[in-house]
Structures are given as C-alpha cells and as structure tokens.
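Visitor: Let's have the full structure, built from the sequences with the hints guiding it.
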Amino acid sequence: MRLPEFAYLAPEDLQEAINLIGKYKNQYAILAGGTDLMIKMKQRLRNAPYVISLDQIAPLKTIREEASRIIIGPMNTLDEIINSPIIKAKLPALRQAAWKVGSPLLRAVATIGGNICLNTRCRFYNQSDFWRLSREKCFKAGGHICHVANKMAVCYSGFVADTVPALIAYNAIITLAGAGGTRKLPLADFYTGDGRRPNQIQRGSNEILTEIEIPVPGDDEKTVYCKYRVRESIDFPVVGAAVTVKKDARQQCLDARIILIGVGSAPLEAKLARDKMVGRSLDADLIAEVAATAAAEIHPVKTDLVAPSYKRKIARVVVAEALRAAGEA
Amino acid sequence: MAIMKKTIKLVVNGETREIAVEVNQTLLEVLREDLGLTGTKKGCNQGECGACTVLLDGKPVSSCLVLAVKADCKSVMTIEGVAKNGHLDQIQETFNEKGAIQCGFCTPGMILTTKNLLDENPAPSTDEIKEAIAGNICRCTGYVQIIEAITALAKAKNAQGGA
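If you read the protein sequences in the order shown, they are chains A and B. Take the first sequence: its letters are residues 1 to 329, numbered as in the working numbering. Take the second sequence: its letters are residues 330 to 492, numbered as in the working numbering.
Hints in this document: simulated from the structure, not taken from any laboratory. Watch out, some of these pointers could steer you wrong.
What the hints assert, rightly or not - The following label-pair restraints were derived from C-beta to C-beta distances: (1) E449(B) - A296(A): 43 to 49 angstroms; (2) V154(A) - R468(B): 34 to 40 angstroms; (3) E328(A) - K334(B): 55 to 61 angstroms; (4) E449(B) - D285(A): 54 to 60 angstroms; (5) W131(A) - G428(B): 55 to 61 angstroms; (6) R64(A) - A452(B): 31 to 37 angstroms.
Note that beta-carbon positions come from the ideal geometry of N, C-alpha and C, so glycine has one too.
Guide: See the structure below:
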C-alpha cells in the first residue's frame, strides 16, 4: 500500500516548526523517525495534508549533562540513545528500554521522541484499511463501538512504548512548545489514560515535544527495565516494567517505583505494590509479595494477542524479575 | 492537491544520482520503480520483515519506512552494490556454500545486515549475530544455516586478519 498524498515541510529551526503547526492546526502530522507514522499513513489511520519533518532542527538532537540533569533531544534515534556514553553511565535502564524497542532496523531510524508520543495500539485498530472495512469503525477510529469490550463506551487500546516506564521511573520532565509558549511537565502527566487520545498532543494541544530532562539518579538507587514479548526479536511488549529501588545503608528500601506498560491505555504506577516495599529489605518473600500485588493492580483487556489472565501472570513474572535486578547491588 | 515533487541527490552504490521524487514515495519505491533496482524486496511494507533492508549511510534500515526525501544527500547501498566486477562478495559466496539460502526473498536484506554487522564487529558471538538479524525474517531456513554462514565469515575474516 502506498502513502497518501501530502505536502512535505522540513523547517530548519524550532520557531519555524512552531509557526507551521500554528498555521496548519490539526491538519499536520509531525514526522520524527517515521517508523510508526509511515505505517499509520499507509493503513489510512492517519491522513494529514501536511507532514512536518523535524530532522533538520539540530537542537532537537542533543544529549548533554548540565547542572546534575541530563538533557535529551527528542530527535535522537534509539540507536543514538543506546550508544550514548552519558546514557550508558547514568541512565542504564533507559538504554535497556531503548534496546528492547523493535528490531535493529527500526532502532536505526526510530526516535525517542516518537516513542514517547507513540499512540496506543489495539488488535482491531492497528490493521489495514481493507481489513478494518469488514467491521464497523471502533471508538479509536472515530466510530461508536469497541470490538474488544463492546458493552462499554471506552477505548481500551494499550500503551506499549518501552522507553516511557524507564523515563517515568527516572522522574523525567518533558518540555512542550507551541504558539502559546513553552511549558514543562512530568512525563507521567503527559498521558491522559483515554485510549482514543492517549496524550496531550493527540488531544490537540498543537505542541511539539522539544526536550526530555532527567535528574541524574543518586548512587543509592537503581532502576531496571524488563520486558516480555511474544517474539523476542521485534514485538511490542505484552508487559513491560520499570522498577526503581532506593536503599539505605542497612539495605532496606527507602523508596521505590514500579511503572508498568502493556496493561492499560497509559503507563500505570503500581502504588499498592510500591507501598509494601518501604522500610523492608528486598528478600525473596517480599519480591513475591510485591509482584503478586502489582499483578492484582492491573486490569488488562484483550487488546493484543494474549488473554488477560495470561497477562496478569506475565506481569507478576516481569515485575519479580525487575525487582530482583533492581535489588542487586 | 497536486503531488509535490522534490529533487534529491542520492549516492546509490557509489554512483551519485539526482532524481525528482514525489514527496510521498518511500525510498523502497524509488529504488525499485524509478531506479529499477529490484534486488531490494518489498515484503510486508510495514517495517516488520526486513526484506527491504538497504544500508543508509552504512546502517541497515527498512527502506519501506523511510521517505525518499529524507534520504536526500545520503548514501544507499543495495544488494546490487555488493558484488564487485561480476564477482560475488565473500558474504554471498558463503551464504551459497552453507545453504543459507532457499527461496531467496530475505537474502538481499540478510546479506546487507550481515555486511554491516561484520564491518562494525568482526568477531560477533552467536548472540550478537542473532541480535543483528532480529529484524530480518526468513521463513525457509530456520536461521540455523544463516547463523552458521555468518559465523564462518567472521572466522575467515579473523584468520585473514591474523595472518
């Protein structure tokens, strides 16, 4: 299938890009790496008269450390994230997560900004035009039914962007820029939880993601990302989990974070599971208890190819694996 | 809307070409349809199978997901550029010898991915080989012979380097 017709725009600085999105409000698609957008356009899930490519804007490709913060430009490819010495040394879980996205062919082109802005997915939605024609349009495609859970007026499409749980566990802050100015917000707040429009940009804020900022983690904490997928070589996660464990000198947990994806329309923080950890030492019993609690906190719906009961079991395994790795010195 | 055209400069297999492309053409479409380089295969057309792999500035990418206009001023190597002066490259010879080829549809992508792997890492472990070809799907061989061929190539390369 071919791409639909569009006009191609490649602004050379950020202000020009912001002017363009102000001018063509809601009629444009932002092109970063294109590994997702090109498919969506071929499948006629996106139809934008204007495609605005950001790859000529040099400041969006920075990776630097300043004032105990790491600043990452959204146009870095996932390969550039993996190969960055700063990220390897300071943000190993982000490197792990970037490595687990797609295949090497995709990571050479796909960007971290694109991964952050990745739309939610569903086995009934992410299909060709022809395939979708055989059924009534679902909520996410602008219709009035859900083929996964057809009694509810809710879109359950799943959030599956691997780098995001690692970034949230690292307390990432993003910058969005639009005609109205620039604002910063914690990455977790960027996501709406609405499967139809899962982030603020998709809700129509007419903004561009311009920067990701991460405080350099302390020596007393460790973050790990673990992922389970059907085909180890290429797939989106069935479940992905980023876990941060912060320990005191007596090896007891001072603080922890558990962020899950693949289990709902936004990244999910397993707070009940986290609360069980504080003040206790992370032994095998506690890991089993916390993993079981996290698995009970999710409410999976069959938006991908595995059954919800299976997903719950996998969540338990993945969280336990991440906890074990994060608990190691 | 009239289809927007743009002239791009591509270095294809070492030869500089100026081509007027439609902005909604993928690099794959330009290679196959405008330049007649049909060695690059169109498989799934959505970045999953790796049949359309080319080396873009030396790195393997799925050409079905790259807009041709985004490849402006870059170098592209396709399978047609691997053999030199009518002689197959050692990678191609070894794939033949080891039976790492059956229907041949994945082979152009597999060869180019292998070329990039061995250029960057002359002594890959089996895990590194599997990791490198993760995006190139083969439905015939079960990958065993392909991994054997790449292992043999790495060994041969290192033996040469050591001599």
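Visitor: Against this structure, judge whether each hint is valid.
Guide: Outcome of the hint check:
no.	hint	in the structure
1	E449(B) - A296(A): 43 to 49 angstroms	holds (45 angstroms)
2	V154(A) - R468(B): 34 to 40 angstroms	holds (38 angstroms)
3	E328(A) - K334(B): 55 to 61 angstroms	holds (57 angstroms)
4	E449(B) - D285(A): 54 to 60 angstroms	violated (45 angstroms)
5	W131(A) - G428(B): 55 to 61 angstroms	violated (36 angstroms)
6	R64(A) - A452(B): 31 to 37 angstroms	holds (33 angstroms)
The structure does not agree with the numbered hints 4, 5 stated previously, though it agrees with the rest.
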